[in-house]
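*Asks:* What follows is each chain in one-letter form.
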Amino acid sequence: MWPFSKKKQLELPDFWWEYDEHFKEKLPDDVKENTFVVLDTETTGFSLTKDRMLCIGALKLKGDSIVVKETFEVYIQQEHYNKESAEIHGILKKSRKNSISELDALKLFLDYAKNHVLVGHHVMFDINMINAALKRNGLPKLKNKTLDTEKLYIRTLLISSVVEQKERYTLDDLAKKFSISRKDRHTALGDAFITAIAFLRTIEKLKPQKIKDLLR
Amino acid sequence: MKNTISERIADFLKNYPPFNAMETKQLEQLSLEVVIIHKETNSIVFSQNENPHDNFYVVNKGAIALSKAGSSQILDICDEGDVFGLRPLLAHEKYKLEAKAYEETILYAIPIKEFKPLALENKRIGNFLIESFASNTGNPYSIKHRGKLYGVNEEAERYSTNKILDLQPIKYSTDLITCKEGTKIKTIADKMTKYNVSCILVEKDDLPAGIITDKDLRKKVATGLFPISATAKTIMSSPIITYPKELTLAQSQMAMMKSNISHLVLTEDGTTETKAVGILSKHDIMVAVGNNPAVLLRAIKRATDAKRLRGIRHGIMNLLQGYLDQNIPLGLVSKIISELNDASTKQVIQIALSKMEEEPPVKFTWLSMGSQGRAEQLLNTDQDNAIIFEDVSEDRLETTRNYFIKLGESISKMLNTIGFEYCPAEMMASNRSWCHSLTEWKNVTAHWIHNPGPEEILLSSIFFDYNVAFGEKALADELSKSIFDHAHQYPQFFTHLASGALQNPSPSGFFRDFLVEQDGEHKDFFDLKLRVLMPIIDAARVLILSHSIKSINNTAERYEKLAELEPNNKELYLACSYASKALLKFRTRQGLLHNDSGRYIALDQLNKEEKIKLKRTFKTVKEIQSLIEVRFQVKNLLR
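First to last, the sequence lines map onto chains R and X. Letter 147 of the first sequence, counting from 1, is numbered 147 in full-length UniProt numbering, and no numbers are missing. Letter 588 of the second sequence, counting from 1, is numbered 588 in full-length UniProt numbering, and no numbers are missing.
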């Protein structure tokens, strides 16, 4: 397969190579120096093959601040459409919001994410969704490191075998625990914001010094 | 281009001045420029004499304390929606105060560059700024006149080392309870009882005509001078003395003393010719001064929401600081503070109950566990609690439990709002495993006693310090009885409990130096709770339980009781009682100093005397540990 993959690599568009270029740089050691991209996607369902992303929302977290102007929110034009989940997100196929093609959305997202660590609640779902979209457009997978807020949150809890502890913590559970308003639940950027606050509160508890402590 | 987050910010800001004066479009524009900042407890937003930032700040959530550098006196606390750090930006001065996160806080940083043109353009914003800087009361439109926007001016600064409170505008009640001149006295008394107020304003043509206080009812009605069917006009004090609404604490105290009255009526312009806007009672003044537990207790009982309670709890912390500064005996201090904590918890439960859609299906008991149960919770530490509810038939068990879990959730959320952290091990009534019927609890505790593994011993040691905070005491008593019955059937439980009490790592090393934490978040700190406090507390628990005494939870009091029960060990027990108080005081001091739970201590910040004091308690810890080791034959267990 090698010769093919080489050939395929040559066909990758410029924006991919620009994205790729960022990974030559090492992430800063100190957690506070790092920029985290907190993201959430709204999708038509849970199938990686059948379902599609409707929206990607993301924001950048550096130190203790989020710059509102630098947030990311794109809506994607839909071919595939799942009626049931539209009821959750309220995103209809022909939404009033200006939507763009999947490829354009990916292009913008790669340019936004660069080599930063991606943070999300159940982040692998979002990553897999984006990877599936990348594949459909003939692109390789995301190269970013990831952090899951659920796993981080569990690390803050005391381990005890007798006290019954939940195995899963939803974003709602976390929002409740940290008293974060859940008003914008189920909009991609709103969920990303809740995730970001939960992330900040969690790392305050864990107090990691180096980025590698977090990524372990 | 607005987005979801900027919309949310605009939505928040529009409720607070000066942003409420902005047009929606402007506010949306401004919101886009905001930077959201998350501050950990005790982290600094800006320090004194720092050059002004490019932004000023609005508190979205949490609280920011403004103080002079190097002094622990907090000049002001900025709450949700309060603006701070704006004046230095407009005046091109350095910051005159230090702003520090009082608790975990989310701030909106608003760039002055974007804000200034809007402020110049919009007259209402301009006026707001001028008024707030001139009157120095932060928010002239709000009833909560407190120095927000900037804090103190030059004049006030001179007083800042002691209480500048005297010059602060005072908070008064604006929910006026009024009646007409023709209202019957009985109706008035009913109304005053209903609203739980000590005075009522008599109005004529919407203008204040007179006032009736508790005193009038006592002197003129209860004595038989007037019947309860008489009208308000016959007993009211008139003409009334009115004052303008901008009053400082000192002014209002003077006014009351001058006319020898206990209530001031505040009107629009200070004369009887304008509408009354509020009543200021002696009680309001005392709350503002805030150094009286009885006043705080009454304020707690009157609070109708968690937010109000949170404010009162700031007062409790002030009180605590004052007591420690004055070296008042800790036994007394912990009693008073625990009473106040207890009252806050009770009030929270009352509020939560009133907000539930249904009445509780059966009787229940709310237990405080851990430090609160032992009445040793001076600082706001974690909440540990549980619910016992009356036995119900099998088919109703789950619905009943679900009701109480829901209640537990709402209570523990409110407790969190007023400053009690969630328990990291989820030992809270909102957790299914801590919300049981009486029979279930009997089974659970019996299981712990009969299978005393390390986990069960840990749980017992937390749970067995329970104290009834609210509800049916009989349920808890019955549970205690069941626990003792089981413990006596299976005396080995005490051996295990005693061995649990010996598990804590030693406080000092071979050369009598302090042992500090080796790694983790608190590396090189001394863990006061784990290494010294816990062994003493654990030892007291196993000793007192072995005497079948459940009514005493406080560690110091337990040792005093033990000294009474076992005269031959009296000296050691009294030393333990003393040590437990000394350690608690130590922890509380440290906690107040760093605004945390006081558990971890930086040794290099202690002076020689403090270190010696601390070390002296280690000896007592060793002695009590060897006593329980021998008495409960823990060695046999280890073999």
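Read the hints as simulated data drawn from the structure, not as lab findings. Remember, predicted model here, so these are calculated numbers, not experimental data. Warning: the hint list may mix true and false statements.
As the list claims (entries may be wrong) - Below, a list of computed lysine-lysine pairs in the DSS-like style, where the Cα atoms sit at most 30 angstroms apart:
| no. | chain 1 | residue 1 | chain 2 | residue 2 |
| --- | --- | --- | --- | --- |
| 1 | R | 60 | X | 113 |
| 2 | R | 183 | X | 355 |
| 3 | R | 60 | X | 355 |
| 4 | X | 355 | R | 69 |
| 5 | R | 210 | X | 25 |
| 6 | X | 113 | R | 176 |
| 7 | R | 176 | X | 413 |
| 8 | R | 176 | X | 355 |
| 9 | R | 177 | X | 355 |
| 10 | R | 210 | X | 113 |
| 11 | R | 60 | X | 529 |
*Asks:* It remains to establish, for every hint, whether it holds in the given structure.
*Replies:* Going through the hints against the structure:
For the suggested pair residue 60(R) and residue 113(X), the alpha carbons sit about 22 angstroms apart, so the restraint of at most 30 angstroms is met. Straight-line distance between C-alpha atoms of residue 183(R) and residue 355(X) comes to about 21 angstroms, which keeps the hinted pair within the 30 angstroms bound. At roughly 39 angstroms between alpha-carbon atoms, residue 60(R) and residue 355(X) are farther apart than 30 angstroms, so this suggested pair is violated. Under the criterion of a C-alpha separation no larger than 30 angstroms, the hint pairing residue 355(X) with residue 69(R) is inconsistent with the structure, at around 40 angstroms.
The suggested pairing of residue 210(R) with residue 25(X) is violated, with an alpha-carbon distance near 42 angstroms, which exceeds 30 angstroms. For the given pair, residue 113(X) sits about 36 angstroms from residue 176(R) by alpha-carbon distance, which is inconsistent with the 30 angstroms threshold. At roughly 8 angstroms between alpha-carbon atoms, residue 176(R) and residue 413(X) fall within 30 angstroms of each other, so this suggested pair holds. For the proposed pair residue 176(R) and residue 355(X), the alpha carbon gap of about 18 angstroms is at most 30 angstroms, so the pair holds.
Restraint check: the Cα-Cα separation between residue 177(R) and residue 355(X) comes to about 20 angstroms, which is no more than 30 angstroms; the hinted pair holds. Proximity of residue 210(R) to residue 113(X) is assessed by CA-CA distance (about 35 angstroms); at most 30 angstroms being required, the pair is judged violated. Simply put, residue 60(R) and residue 529(X) have alpha-carbon atoms about 39 angstroms apart, too far for the 30 angstroms limit, and the pair is violated.
The structure fails hints 3, 4, 5, 6, 10, 11 (numbered hints given earlier, in ascending order).
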